[in-house]
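Chains as they are written, first to last, in our numbering: chain A, 1 to 268; chain B, 269 to 571.
Do not take every clue at face value.
Claimed, not checked - Computed footprint of chain B on chain A; a stretch qualifies when at least three of its residues, placed anywhere within it, have a C-beta under 8 Å from a C-beta of chain B:
hint: 1; segment: 18 to 24
hint: 2; segment: 111 to 117
hint: 3; segment: 246 to 253
Claimed, not checked - Between beta-carbon pairs, the in silico distance windows are:
hint: 4; chain 1: A; residue 1: Ala20; chain 2: B; residue 2: Arg393; range: 35 to 41 Å
hint: 5; chain 1: A; residue 1: Val136; chain 2: B; residue 2: Gly315; range: 38 to 44 Å
hint: 6; chain 1: B; residue 1: Ala484; chain 2: A; residue 2: Leu158; range: 54 to 60 Å
hint: 7; chain 1: B; residue 1: Ala314; chain 2: A; residue 2: Gly99; range: 38 to 44 Å
hint: 8; chain 1: B; residue 1: Gly311; chain 2: A; residue 2: His220; range: 49 to 55 Å
hint: 9; chain 1: B; residue 1: Arg404; chain 2: A; residue 2: Lys126; range: 19 to 25 Å
hint: 10; chain 1: B; residue 1: Leu296; chain 2: A; residue 2: Gly99; range: 26 to 32 Å
hint: 11; chain 1: B; residue 1: Ile360; chain 2: A; residue 2: His184; range: 43 to 49 Å
hint: 12; chain 1: B; residue 1: Val318; chain 2: A; residue 2: Ala20; range: 55 to 61 Å
hint: 13; chain 1: A; residue 1: Glu180; chain 2: B; residue 2: Gly315; range: 31 to 37 Å
Unchecked claim - Some, not all, of what chain B presents toward chain A, calculated at C-beta under 10 Å:
hint: 14; residue: Leu323
hint: 15; residue: Ser325
hint: 16; residue: Leu329
hint: 17; residue: Leu390
hint: 18; residue: Gly398
hint: 19; residue: Ala400
hint: 20; residue: Ser403
Just so you know, the hints here were simulated from the structure itself, not pulled from any lab data. All residues carry an ideal CB built from backbone N, CA and C; glycine is no exception.
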Amino acid sequence: MNDSTKVSNAERRTFVLNAARMGCGVSMLGLGLGLAVNQAKALPAQALRPPGAGSENAFLGACVRCGLCVRDCPPNILHLATPGQPVTTGTPFFVSRIGACEMCENVPCVKACPTGALDHGLTDIKKARMGLAVLVDKETCLNFLGLRCDVCYRVCPLIDKAITLELRHNERTDKHAIFEPVVHSDACTGCGKCEQACVLKTAAIKVYPIHLAKGEMGDHYRLGWVEQKKNAGHSLIESQGNLDLPDRMPEGLKLPGHFDPGSKDTPR
Amino acid sequence: MSLFNRTSVGQEALEAKGWWKSNQWLVLRRSSQLGLLLLFLVGPWAGIWVVKGNLSSSLTLNALPLTDPYVLLQAVAAGYWPQATGLIGASIVLAFYAIFGGRAYCSWVCPVNPVTDLAAWLRLRLGIRGGAHLSRDTRYWILGMTLVVSAVTGTVAWEWINPVTMLHRGLLFGGELVWAVILVIFLFDLFVMPRGWCGRICPVGAAYSLIGFKSAVRISAKNRTACNDCADCYAVCPEPLILKAPLKGGPTGASPVVLSPNCTNCGRCIDVCSKDVFSFSTRFNTSTCTEQNAACGPSQPSV
């Protein structure tokens, strides 16, 4: 082995060691950053994103935290999260109890977004889904107590579509009516007007991010009455006739015409 | 011995060239930093909207979109392809810094620069020497790391902590904890690591240095034969390693142009040199001054 190879070997060794040192050190930092960023993805339920923001995950990958939407928000309800707030630093949000979205017709916040983190395809504010109103507390809602408060219903920009009043009998007095405010997710934009206007000390109706507010049936559920409409009035199971489901009876007891899966009798 | 060292750095230049010539670029640079900040601030302060947004992305006079290419790159790494406005804004910024020197962003625009410059100045004045060592290449590793973390987590990761955009956003949109972050950087530069943040860690600066890798506008040690080895330029340069070859490389035939992409084009070396060794030039102009060629150098003392 000659001298020049020795030198180059030593150089190579230094290079590899330096690279390893850098790589490992910076990876540790990266791991910390990654974990912190991942934790920061959790958005508190009161914090709502501007219209067109899509899922929280997608939004955090697309928003550059410039605040142009905040500047172009006429009622000034949008804020950029500051360090220390429980919303990812620098991202825009609003808290509807403090200031609800005014649902400007020309959607200026979306237009202002330079990256399209707020989807520029959203031109009709009625199609925005910033969240979904939920009447979370029927025990304190004045309408449920039999009063005609109706405030959430009256302030709703999509009155009679997003919130309707469903009439039913007041069992307590037995002679009055209860006007139950019911939210319809096919129309509610999550603007938060109802939550902001709720007259209670703590709102009984609240706007939550949709993933918190909405149930999901799962793909295997089919609603018979819906299918029937689609299927020119024919039921889904029309061809199968009436189903005879197994009945469980106390041991030893037999009822004619009933199928007991525990017994050795074959169903008729 | 007083707390403040009377440093001789820049003294010679002050005597030889007068106050303006020995502080010209520093004043211009601070004016640029402050002016740009004021342009952003007159909006929220006075309702005069010249520029909206912040350094991540902005809109000037409702017409000119500008977007930070590095921030946008994080979004792309996170798996998001931005809208045209963002891409156009980033292209304009890229083109500008590709010509005028990538890290000109650091010394002429970045709001963290006055903070770290103050730390460096205090270091000199308080006679604080040494400190923790970290390679100047670290920033490139961190730059890569931020993109990997963006890709893995699917978020614009560095913006969660980025002090540059955080400070700018804090000034424009509020947020008290921002000052804690800036104080930490100041103290880190002052006591822990000389020129630590901007010179070794900040991935924003690293990204801009790559943008300006082949930038046209450069500092040149054109008049290097006049150098009297006072070393004032090394003392003020935020990246002193890059000066040696252009300044002292005469005998080996090295170019007098400071070609390192880490040069921030701050021009402080021009200010503090009593012999006017340095001047702004381009990377293509490799000429040097000789005794026969007295035309170059802005204020050659006539004998």
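Here is what the structure says about each hint:
By the rule of at least three residues with a Cβ nearer than 8 Å to a Cβ of chain B, the coverage given for the segment 18 to 24 of chain A holds, with 3 such residues. Chain B is given as covering the segment 111 to 117 of chain A, and this holds because 6 residues of the stretch bring a CB closer than 8 Å to a CB of that chain, at least three being needed. Residues of the segment 246 to 253 of chain A lying with their CB closer than 8 Å to a CB of chain B number 0, which falls below the three-residue condition for coverage. Look at alanine 20/A against arginine 393/B: about 38 Å separates their beta carbons, and that is inside 35 to 41 Å.
In this structure the supplied range 38 to 44 Å holds for valine 136/A paired with glycine 315/B, their Cβ-Cβ distance being about 39 Å. Roughly 57 Å separates the CB atoms of alanine 484/B and leucine 158/A, a value that falls within the hinted 54 to 60 Å. Against the hinted window of 38 to 44 Å, the Cβ-Cβ separation of alanine 314/B and glycine 99/A comes to about 23 Å, which falls outside the hint. Hint check: glycine 311/B to histidine 220/A, Cβ distance near 54 Å, so the stated range 49 to 55 Å holds.
Taking the beta carbon of each, arginine 404/B and lysine 126/A are about 55 Å apart, not inside 19 to 25 Å as hinted. In this structure the supplied range 26 to 32 Å is violated for leucine 296/B paired with glycine 99/A, their Cβ-Cβ distance being about 43 Å. About 46 Å separates the C-beta atoms of isoleucine 360/B and histidine 184/A, a value consistent with the hinted range of 43 to 49 Å. Valine 318/B and alanine 20/A have their C-beta atoms about 49 Å apart, which leaves the hinted 55 to 61 Å range violated.
Checked against the given bound of 31 to 37 Å, the beta carbons of glutamate 180/A and glycine 315/B, roughly 46 Å apart, lie outside it. With 10 Å as the threshold, the beta carbon of leucine 323/B comes within range of chain A, its nearest partner Cβ sitting at about 8 Å, so the hint holds. Annotation: interface hint on serine 325/B holds; nearest CB of chain A at approximately 4 Å, less than 10 Å. A hinted interface residue such as leucine 329/B counts as satisfied when its beta carbon comes closer than 10 Å to some beta carbon of chain A; here the least separation is about 14 Å, so the hint is violated.
Evaluation of the leucine 390/B hint against chain A yields a violated restraint, the C-beta minimum of about 25 Å exceeding 10 Å. Restraint check, glycine 398/B versus chain A: the minimum CB separation of about 20 Å is more than 10 Å; hint violated. Interface hint at alanine 400/B: violated, since its Cβ lies 12 Å from the closest Cβ of chain A, which is beyond the 10 Å cut-off. Checking serine 403/B against chain A: minimum C-beta separation of about 7 Å stays under 10 Å; hint holds.
Of the numbered hints listed earlier, those contradicted by the structure are 3, 7, 9, 10, 12, 13, 16, 17, 18 and 19.
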